[in-house]
Amino acid sequence: MTHRRRSGSGLLVIGAIALVAYLWAREQPGEVVVFAGHNGRGGEEFTGAEATTIFGGYKLDLRESKIPGGQAVVDVTTIFGGSQILVPEDWNVIIEGHAIFGAIDDKTRLPARRDSTSDLVIRGTTLFGGTQVRN
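The numbering of the sequence shown is my numbering, which starts it at -11 and goes up by one.
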């Protein structure tokens, strides 16, 4: 008698992970992306953002934004996914996040003016994924 393996167990595991991720993520503030993608813009005045990405992608374009108070914070949690934050060339980027089996990369060029009054602080955690800040 031959036995055939059933491939449904893999789908069951993925479904269970997705359910747990969804239940956890819906309690998080800000944007939540699970098994999907999100493209956002910061608007004319940017004061901060929060995002959670699980098995998905998140992109925040701030290149046309200004920071009215001198400093803004983006709190981003990326798990098995990718996040990208695009900033103007005259902003200082300060990374205060942590990566576990992943990376948080600052790929920005140094501001032309060292006395830039706009600081963007990136906080959060990247787990088995990547978070990238670039111009």
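Some hints here could point you the wrong way.
As the list claims (entries may be wrong) - Label-pair ranges, simulated between beta-carbon atoms:
| no. | residue 1 | residue 2 | range |
| --- | --- | --- | --- |
| 1 | ASP107 | GLY3 | 38 to 46 Å |
| 2 | GLN59 | GLY28 | 18 to 26 Å |
| 3 | VAL1 | PRO56 | 19 to 27 Å |
| 4 | ALA4 | ARG122 | 31 to 39 Å |
| 5 | VAL1 | LYS54 | 17 to 25 Å |
| 6 | VAL1 | GLY28 | 25 to 33 Å |
| 7 | ALA91 | SER(-3) | 17 to 25 Å |
No lab work stands behind these hints, which were simulated from the structure alone.
All C-beta atoms, glycine included, are put in the ideal place defined by N, C-alpha and C.
A quick look at each hint next to the structure:
1. With their beta carbons about 42 Å apart, ASP107 and GLY3 fall inside the hinted range of 38 to 46 Å.
2. At roughly 20 Å, the beta carbons of GLN59 and GLY28 sit within the given window of 18 to 26 Å.
3. Between VAL1 and PRO56 the Cβ separation comes to about 46 Å, which falls outside the hinted range of 19 to 27 Å.
4. Judged by the Cβ atoms, the range 31 to 39 Å given for ALA4 and ARG122 holds: they are separated by roughly 35 Å.
5. For the pair VAL1 and LYS54, the beta carbons lie near 46 Å from each other, so the given range of 17 to 25 Å is not met.
6. Distance hint for VAL1 and GLY28: a CB-CB separation of about 31 Å, consistent with the stated range 25 to 33 Å.
7. Roughly 32 Å separates the CB atoms of ALA91 and SER(-3), a value that falls outside the hinted 17 to 25 Å.
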